[in-house]
Amino acid sequence: MKIKINTTLLAAFMLLCVSSAFPQAKKPTIMILPSDVWCNTNGYMIEFDNQGTKVKVPDYKKAFQENADLLLVISKINGLMADRGFPLKNAESVLKSLANESAEDAMLTSKGGAGVVESPIDKLKKSAKADIIMQLTWTVNTTGPKKSITFNLQGLDSYTDKQIATAAGTGAPSFSAELPVLLEEAVLAHLDLFNNTLQAHFTDMFDNGREITIRIKKFDSWENDLETDYEGKELSAQIEDWLAKNTVKGRFSTTDATDNMMYIEQVRIPLYDETGKAIDARGFCKGLQTYLKNPPYSIVNKLMMKGLGQATIVLGDK
Amino acid sequence: MKTILLKTNLLFLMIIGFSVALNAQAKKKADKATAEWRYEVECVSTGASGSYLVKVWSYSKKPDVAINQAKKNAVHGIIFKGFTGSGAGCTQKPLANDPSLEQQKEEFFSDFFADGGKYMKFVSVSGDGSIAAEDRIKVGKEYKIGVVVSVSKDELRKDLEAAGIIKSLNSGF
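These protein sequence lines map, in sequence, to chains A and B.
Be aware that the first sequence starts at 1, since it is given in this note's numbering, and climbs by one per residue.
Be aware that the second sequence starts at 1, since it is given in this note's numbering, and climbs by one per residue.
Nothing false has been slipped in among the hints.
Not close to chain A: a few residues of chain B, all C-beta gaps over 10 Å, as computed:
| hint | residue |
| --- | --- |
| 1 | K7 |
| 2 | E102 |
| 3 | Q103 |
| 4 | D111 |
| 5 | D115 |
| 6 | G117 |
| 7 | M120 |
| 8 | S124 |
| 9 | A132 |
| 10 | R136 |
| 11 | I137 |
| 12 | V139 |
| 13 | V148 |
| 14 | S150 |
| 15 | S152 |
| 16 | D159 |
Pairs of lysine-lysine residues, derived as DSBU-like cross-links and limited to a Cα-Cα distance of at most 30 Å, are as follows:
| hint | chain 1 | residue 1 | chain 2 | residue 2 |
| --- | --- | --- | --- | --- |
| 17 | B | K81 | A | K162 |
| 18 | B | K167 | A | K89 |
| 19 | A | K162 | B | K167 |
| 20 | A | K26 | B | K167 |
| 21 | B | K153 | A | K27 |
| 22 | A | K76 | B | K93 |
| 23 | A | K27 | B | K158 |
| 24 | B | K121 | A | K76 |
| 25 | B | K158 | A | K277 |
| 26 | A | K27 | B | K167 |
| 27 | B | K167 | A | K277 |
| 28 | B | K153 | A | K89 |
| 29 | A | K76 | B | K81 |
| 30 | A | K76 | B | K167 |
| 31 | A | K126 | A | K26 |
| 32 | A | K249 | B | K167 |
| 33 | B | K55 | A | K76 |
| 34 | B | K158 | B | K93 |
| 35 | B | K153 | A | K76 |
| 36 | A | K129 | B | K167 |
| 37 | B | K93 | A | K89 |
In short, the hints are calculated from the structure, not lab data.
Here a beta-carbon is modelled for each residue, glycine too, at the ideal position from N, C-alpha and C.
Same shape as in the complex, but just chain A:
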């Protein structure tokens, strides 16, 4: 019995050693959503008045509840992606979970009668999200009795707004095939190409680091700004120096910089820190946060994140 326990412990220890020797990068989540064009064409939009301007936004809930073809396409893509070891987040389930969570939060009270705290920013962040959005569009082309499908699948990075994968094309016209059959054929015809481009993106990520965006802002209560000199250099320049030292091959681009804010794009961060732990935008920016907290800067700051690839540091307060 003792030997058996020892063997199990040894195996567990070895597994731990192996997993820490080959750390795994943080896996991005992927979710499929119909494009705005598709929602608009098929009547799944909500119109509202935004301070005098009419704004249309996609009504995903209605689309999922009413369009069986959309469910078929999503289900087919989900199945094929799961087969490639990349199960997707189901947008319909995410929307349901969000609704349930809101209801539960509203009802949740402690024994002492306290409720759950939720700031306006927490509320705003409660939306269906994923690191990569697979944006789906199809149109049915009709020429006399013949029908064909134009299919467009785009992989969009939620943080860099870049299209990182794509597959698009028009299928062969058919006299007899029904729409679901044509859609299924379109998915099968395009998904391999989509995955090829997605794999190229992942390979680039492993070779050159994860691409993220960083925003630096300041609270109005802070008396200094990004142009304040520290040791003979403006704070914004000091931040850029830190980034040049800590990014992969010093790669980043400062897109916007004023005395109150900085917007830094195409920041290539390593996938692991020096201890071998997998990191994301938040993990990387914790380093910058600590750097700014310490002398000579001694700036109190707040770090916020969005998924794997976006982080915001607000200077001057918590």
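Chain B: place on chain A using the hints.
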């Protein structure tokens, strides 16, 4: 009488031996043509789940050798060459992203593409295997034969991923 019988047998054996040697040489040439990318893969359909239906054009002086080589060429093409066509989904990239993969994993692929090798598991001739008249073209001294074959690309990809030859989509995560 006995001498004539002996001579006939000897001649018969020589003919068989010569034909076997000729066939082996033709097969060797066909393998060389595969290694030198001397074949064409043409898309027929990618509609069926997990497989590609392709027409492979192979070259040989012996039509039978070209027909047999078609299966090997189809798998070779899907791994290293990809294929194009005018229809939807008829343009597919090769499973191997690295152009030098064949040289890097030479040992694996020489076993994989050996006669009766593992490649046979992923390919089958479509229909009854008969060749249409327009798919049998005489080009100079040799034949160019078009054979429609079905390749189980999902199974092939999984097998190559499991063997560590190509990377899976989720490798590293």
